[in-house]
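K.L.:
Kindly produce the complete structure, drawing on both the sequences and the hints.
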Amino acid sequence: MAKETIKSHSIHIQTLTLTYKFRYISAPLLAELRHINRTVAFRTLETLHQKDLLNKRFDKSYKLLGKPASYSLNINGINYLKERMELNKNYAHTHYKNKINSERFITESLDILRTFVVLNESYPDTFTAFTKAEMTAFSDKFPKPLPHLYLNRMKLDSARPNFYMLDILTGQDKKVIAARIDKYFKHYESGDWEEEEHPVILLVVADSYVERETLKMIDSMKDSNYIEDDELVFMLTTQKALFSENKNIWTSKENEISTL
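Start counting at 1 in the sequence shown, then tack on 78, and there's your number in this note's numbering.
Bear in mind the hints are in silico, worked out from the structure with no lab data behind them. Note that CB positions come from ideal geometry on N, CA and C, so glycine has one too. Check each hint, because a few of them may be wrong.
Straight-line C-alpha distance at most 35 Å; calculated DSBU-like pairs for lysine-lysine [what the hints assert, rightly or not]:
1) K141 - K99
2) K331 - K253
3) K175 - K138
4) K253 - K222
5) K177 - K253
6) K177 - K134
7) K175 - K252
8) K177 - K318
9) K222 - K134
10) K145 - K325
11) K264 - K233
12) K177 - K261
13) K253 - K145
14) K99 - K167
15) K141 - K175
16) K138 - K264
17) K160 - K177
18) K233 - K261
19) K233 - K219
Label-pair restraints from in silico Cβ distances [claimed, not checked]:
20) H127 - A257: 36 to 44 Å
21) S217 - N303: 21 to 29 Å
22) D307 - E124: 48 to 56 Å
23) R182 - N303: 26 to 34 Å
24) G249 - N168: 23 to 31 Å
25) K331 - S88: 40 to 48 Å
26) K134 - R182: 12 to 20 Å
27) D308 - K177: 43 to 51 Å
28) H127 - E291: 18 to 26 Å
29) S180 - F321: 21 to 29 Å
P.N.:
Shown next, in the form of structure tokens:
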């Protein structure tokens with residue numbers, strides 16, 4: 079009976095698929111992404127939770143902070159999708175830990191989804207966005223760990239970059255940020271990216287101070303690795319700027335701000 083009810087509502091299938099793609103989802107983000115009422119989004123997620131296809135994370139601290147519940151696929155949800163579509167075995171297996179993942183991991187996953195929503199709104203019908211759900215099948219092309227998002231311009235533009243790898247580093251210290259940037263340098267030098275045009279690296283950092291310091295770090299690392307500015311391009315922004323309504327937020331050099 080549950081399967082018949084779910085099958086009759088395409089929004090339920092879409093919601094399960096989105097949850098697979100991003101790991102965690104909330105009613106406000108589902109409402110923004112699907113352009114539906116928040117109440118409808120909440121009821122959709124609650125229905126899937128009650129049918130034992132989604133985990134739900136919510137406690138008293140969430141209420142005090144005005145934080146919505148987060149939802150993730152459980153084993154039943156994964157098996158339900160497996161019956162209806164081809165899933166990457168390795169990526170699907172990571173969902174088995176959804177119920178026990180840390181609050182930090184959940185927040186990061188929701189930030190990735192929110193970033194996806196913002197980019198969709200800022201650049202409608204411009205990019206195809208891939209998460210680790212899709213990148214895992216082509217992991218040899220990307221640095222490890224995989225970027226949070228990979229953006230591919232739908233219509234190639236000779237005047238703009240057409241490919242981007244994006245990482246959200248808002249909760250990371252300088253050492254972790256430096257290590258991640260070093261991974262991008264090593265990936266570039268490895269030649270694993272076979273296409274002629276190498277993706278621009280997009281980094282979202284905590285604030286403008288970290289942004290300035292990270293740009294200095296990148297310049298220094300380019301000098302050390304004898305890499306020209308136009309060979310491997312990094313563009314940075316802050317989370318506050320990203321979630322604003324302004325598109326001119328990406329900085330590749332101090333005082334140089336642009337769109338994607």
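K.L.:
For each hint, tell me whether it holds in the structure or not.
P.N.:
Taking the hints in turn, this is what the structure says about them:
no. : hint                    : in the structure
1   : K141 - K99              : holds, 26 Å
2   : K331 - K253             : holds, 21 Å
3   : K175 - K138             : holds, 22 Å
4   : K253 - K222             : holds, 17 Å
5   : K177 - K253             : holds, 29 Å
6   : K177 - K134             : holds, 8 Å
7   : K175 - K252             : holds, 28 Å
8   : K177 - K318             : holds, 29 Å
9   : K222 - K134             : holds, 30 Å
10  : K145 - K325             : holds, 26 Å
11  : K264 - K233             : holds, 29 Å
12  : K177 - K261             : holds, 30 Å
13  : K253 - K145             : holds, 30 Å
14  : K99 - K167              : holds, 13 Å
15  : K141 - K175             : holds, 24 Å
16  : K138 - K264             : violated, 44 Å
17  : K160 - K177             : holds, 19 Å
18  : K233 - K261             : holds, 29 Å
19  : K233 - K219             : holds, 21 Å
20  : H127 - A257: 36 to 44 Å : holds, 37 Å
21  : S217 - N303: 21 to 29 Å : holds, 24 Å
22  : D307 - E124: 48 to 56 Å : holds, 50 Å
23  : R182 - N303: 26 to 34 Å : holds, 31 Å
24  : G249 - N168: 23 to 31 Å : holds, 25 Å
25  : K331 - S88: 40 to 48 Å  : holds, 46 Å
26  : K134 - R182: 12 to 20 Å : holds, 18 Å
27  : D308 - K177: 43 to 51 Å : holds, 46 Å
28  : H127 - E291: 18 to 26 Å : violated, 42 Å
29  : S180 - F321: 21 to 29 Å : holds, 22 Å
Hint check: violations occur at hints 16 and 28; the rest are consistent with the structure.
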